[in-house]
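Student: Assemble the complex: chain B is given as a structure, and chain P must be docked to it using the hints.
There are 2 protein chains.
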Amino acid sequence: MRKILLTIQYNGKNFAGWQTQPKKRTVQGVLEDAISNLLQEKISLFASGRTDSGVHAIAQTAHFETNSNIPAEKLHFAINSKLPSDVAVVSAKEVASDSHARFDVKKKTYMYKLYASDVNLPLYDGFALRVHPKVLDKIEEMKKAGESFIGTHDFSGFCSANTEVKDFVRTIYDLKITQIGPEINIFITGNGFLYNMVRIIVGTLLDVAEGKIHASQIPNIIASRNRTLAGKTVKPDGLYLWGIRYIK
Amino acid sequence: MRKILLTIQYNGKNFAGWQTQPKKRTVQGVLEDAISNLLQEKISLFASGRTDSGVHAIAQTAHFETNSNIPAEKLHFAINSKLPSDVAVVSAKEVASDSHARFDVKKKTYMYKLYASDVNLPLYDGFALRVHPKVLDKIEEMKKAGESFIGTHDFSGFCSANTEVKDFVRTIYDLKITQIGPEINIFITGNGFLYNMVRIIVGTLLDVAEGKIHASQIPNIIASRNRTLAGKTVKPDGLYLWGIRYIK
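Going line by line, the protein sequences match chains B and P.
Okay, so the first sequence: first residue is 1 according to my numbering, each after it adds one.
Okay, so the second sequence: first residue is 1 according to my numbering, each after it adds one.
Hints in this document: simulated from the structure, not taken from any laboratory.
Hints may be right or wrong, so weigh each one.
Subject to a maximum C-alpha distance of 25 Å in a straight line, what follows is the list of computed SDA-like cross-link-like pairs (lysine to any residue) [to be verified]:
id	chain 1	residue 1	chain 2	residue 2
1	P	K176	B	I180
2	B	K134	P	S91
3	B	K13	B	K235
4	P	K74	P	P84
5	B	K82	P	D118
6	B	K82	P	A116
7	B	K74	P	A116
8	B	K13	P	S53
9	B	K93	P	V119
10	B	K93	P	H132
11	B	K13	P	P182
So here's chain B without its partners, still in its complex pose (with noise of 0.2 Å):
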């Protein structure tokens, strides 16, 4: 058996998430259908970790056995030629038979994105959360409470209830933000998050913004790891999987 590793690209907006669902569609069910088609031969993804309904991402990565031998570098533009245009294959490679898509990351970056608007703009409907116009007032504010993200911290406080989790340390590498016109760019690279974490850290960034929480108040907060401190959790549309790293 050969082990192919796919980098893959959706828009979350269409699909109930990463993961198969009876009935529902998945990024996870569309391409297992169109591989194994194409392939003629039963096979079944492993993903670099689950995203919600309506996350989008840039660049998951997954990787399948298969006892194909079509070439890794034309594998993906064949797969490209079942799958619907919400979702593609950006690259496939064939890696070592004991290597893992999930248990051997080393970081993970996701990107949130924002728009300041008094009203719902039509080209970021589904692709970002719009926030209050005064928000672009407060950037150095909340890029000060992003800096007390980073570090090895347990993370308790912004994980979401529905969790199989038991340890809830996790390393924060970096946290970047980044401001063209009315858009604001959240980056957050990590060695792995807890359920709605990023989307909990944003809301909480984003009390920061609207005065109701101090960036110096931050580290007290994650050391409570009381959930109900933090920000609330930010709609999907604005989350993307950006980019997950094997090499450290």
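Tutor: Leaving out everything else, chain P in the frame of chain B:
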């Protein structure tokens, strides 16, 4: 009667263009229905110009006359409450009774979005034109070719046949090409544009990138007024009406 000027954003994907057509979903039709319904009077919109099916607008403008006395600064919120998520009124202001959204236009800017990739990328689907990755090495040639469009020229060779226009002379004030990662944006500002003119200019710049035309040939191609010497009409997906200026 008061005259109100609207600034409008839309995602062109699911519209048959700006102009009202029987039995088709158009931006003008949806907006006129919403505003007429809100104000309980039959209103007619006059835009800065039409946009074709699939073309987007960051900031289209259009005016209408009304007997309503709702303050303009509140009007766009009320109109938006009646609109679907793919079109929105970004702002509204009262303007002089002798002003006109089309006849008073001084400058118009369009943006055309390209992305360089071996495969169709879902997050650009409907929003940009895919080009070969090699185009990224030809940005300087495209910029050089772009400069030749600036100025006042007879653009007969850059106009689709389906037009009622008699005067083919237009002035291009600026043509700017930016690149960030795989994304290339072409901004073209002029006093007006012929039918498909922006899409044919972009098609011609791509011919330069692909080596079919040399940048130095552009002045002769313009002077020839021969449609067949210019590039093809690229698809509408990447085209955005970026903004309208009424003051020089």
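Student: Work down the list of hints and note, for each, if the structure agrees.
Tutor: Against the structure, the hints:
1. P:K176 / B:I180: Holds, at about 18 Å.
2. B:K134 / P:S91: 17 Å, holds
3. B:K13 / B:K235: 12 Å, holds
4. P:K74 / P:P84: 18 Å, holds
5. B:K82 / P:D118: Roughly 16 Å between the alpha carbons, so the hint for K82 (chain B) and D118 (chain P) holds.
6. B:K82 / P:A116: Holds - the C-alpha atoms of A116 (chain P) and K82 (chain B) are around 22 Å apart, at most 25 Å.
7. B:K74 / P:A116: Roughly 19 Å separates the two Cα atoms, so the pair holds.
8. B:K13 / P:S53: Given pair K13 (chain B), S53 (chain P) holds - Cα atoms ~22 Å apart, limit 25 Å.
9. B:K93 / P:V119: 15 Å, holds
10. B:K93 / P:H132: Distance ~21 Å between K93 (chain B) and H132 (chain P) Cα, so the pair holds.
11. B:K13 / P:P182: Given pair K13 (chain B), P182 (chain P) holds - Cα atoms ~23 Å apart, limit 25 Å.
Taken one by one, the earlier hints all hold for this structure without exception.
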